[in-house]
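Number of protein chains: 2
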Amino acid sequence: MYREFKLIERIEALFSDADSLDPAAAGKHGVRVGIGDDCAVLEPGAFDLISTDTLVEGVHFRRDWSSAEDIGFKAIAVSLSDVAAMGGRAGAFLLNLSFPPDLEKPFIDGLLLGLKQACDLFRPEKFYINPIGGDVTSTSGPMMITTTALGSSTPGGALLRSQAQIGDRVFITGPTGLSHAGLDILLDGGEEVAYPALLRAHRRPYPRVLEGAVIGASGLAGAMVDTSDGLIQDLGHICSASNVGARIFLDRLPRHPELIAYCEQFSDEKKLFRYLLGGGEDFQLCFSVPERHIDELQRIMQHERSRDGADGGADCSPGTNWELFEIGEIIDPVEGVSVVDAQGEKFQLDSVGYEHFAP
Amino acid sequence: MYREFKLIERIEALFSDADSLDPAAAGKHGVRVGIGDDCAVLEPGAFDLISTDTLVEGVHFRRDWSSAEDIGFKAIAVSLSDVAAMGGRAGAFLLNLSFPPDLEKPFIDGLLLGLKQACDLFRPEKFYINPIGGDVTSTSGPMMITTTALGSSTPGGALLRSQAQIGDRVFITGPTGLSHAGLDILLDGGEEVAYPALLRAHRRPYPRVLEGAVIGASGLAGAMVDTSDGLIQDLGHICSASNVGARIFLDRLPRHPELIAYCEQFSDEKKLFRYLLGGGEDFQLCFSVPERHIDELQRIMQHERSRDGADGGADCSPGTNWELFEIGEIIDPVEGVSVVDAQGEKFQLDSVGYEHFAP
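Protein chains in written order, with this note's numbering: chain A, 389 to 747; chain B, 389 to 747.
Hint data in this document are derived by calculation from the structure and do not stem from the laboratory.
Just so you know, nobody snuck in bad clues.
Label pairs and their computed distance ranges (CB to CB): (1) Glu431(B) to Asp572(A): 42 to 52 Å; (2) Pro488(A) to Pro543(B): 42 to 52 Å; (3) Arg450(B) to Glu684(A): 55 to 65 Å; (4) Met389(B) to Phe654(A): 30 to 40 Å; (5) Pro432(B) to Gly707(A): 24 to 34 Å.
Cβ atoms here follow ideal geometry from the backbone N, Cα and C, with glycine treated the same way.
Next up, chain A with everything else stripped away, as it sits in the complex:
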């Protein structure tokens, strides 16, 4: 374990190469005073979005299941995902670390490195995502990591949950259920080799941070959430806030081939649907788009994909792939969130034990 001041020094040193990008303005974008005073001082108006998440050892991660780097990566990824879910871009974060006193320095270094990797991977084009403050404490219990991300919405405003309208189409950025399946594999004792994507989704989720910012900047989407609690539950948040219902077409949900293969080994044919509809922590973005905006939004994503050299994500691989899947529609509120199968029949959510499944 590092002493508090030493740990803060290490964090500052790790992120100080951020200054090299554009020291004058971009390196500490939006921040007048970072680590080292009683408060951080922000440029007025730089950030209008803020979100915080706590990861608890034994609840959100286990040291025998995830590497230190994975844990650090996930700890900040979940907060960056929340900013993305508003259509915004994160530019700074606070970091609260509560460590057991015997936690070893290499582990701490790995955790900080994972944090930095996520900040590098998901940073906006012209500046870095910098640590601007936090707190370091010791604990006799499980390790805890709290990240608080600060971001800025686009000039058109944040994509609130309350902005879905009847007739909008529902989109998602990629397949769901992977993280929960990965967790189940680990709980069952681990099949490390067969399902690397599922395990990776649990250990090092890949939030759609860059896609979220582009969707936000386009001004073409309505309401947006990230799928941290599971697709049905998160879409339910949009429906409650917007006073609408939603109909999901089961056969249109993107399915990762590993999830299909994993579920085929069970004699329970509905297992796959439970993962797709109820599995949490995938950090895809689910959002509504008015029909007249769909073509334009797809053109923008196609443009980003070409510019990026991304392969389009047909195999649902992690990575920023600019793929959008149309999976349903916003309807009258009386139906709530419903799911329709390939035959057009209403799929009974309670028949897959949905209530009890939600993580």
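Starting from the known structure of chain A, fit chain B onto it as the hints suggest.
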């Protein structure tokens, strides 16, 4: 233990009377969207100060030593103190709670009530300090409470640690050492009756939130910190950041009568000085003032005191008393932080075991 959504509902309900003050603008001052979306959305430019603190059960508080209300009060008071130490005013906060699953509802209710009491006590004149987001998790270990306060600095700018200048005088808002002495009493088995102020200082510290905002708004002070780590160490932060030294006059340090009485029972005559100079968590404000500004600043504090009907705090009681004590001066950096006794002799900090004493 409440379920997560139920707990969030309770927090919202507890703070919803805030809307009654001025629902149109003031109730949710600076906040466009509070609890309930992926991020809170702030009014651009409303907040430029942010600080976060984590309190860990067993490290920062014990359930058998403090009431639930005291713990909640302290949890937010420490963050509000950080905003005050920049000369700013807090207007919103995030709350991350990690609770053992068997934590009882009355305890949680008490904790939230204590939080609300602090927010009511330290709120700016025209609006409330509102919760705008957070995270609720369970933990197998000690309870943890993280508060992240958002505030706004005065138009003249935040009172940074780097703004002290040679020749400035050093002021403090009240006596130090109480909280540490209170902790020692509890560690020794508790003398509940004899030293209520010392125990209270540990359990329910009274940060100088309102004074900090007025000092900031006056534009008359230089650098400021709160005494969370102990006077010498915190003043050391100003000296490092400002590249100056500081000389403290030992006989000018305000001394609470209970602290004097408590220390008199020991045969160690330097015990009092150790508390005064090294005791942490008193959350007084220590700051520099250019000599030409002193009279004006004292006039402003006198005015606030009359307006407030405060008794002036001659007895060092908790409460907003608008008292300022001149305790030293900013000097050349070569001396670092030094302490001079009543005879003008340099007091040897290491002679009181300062290094080892700092909490």
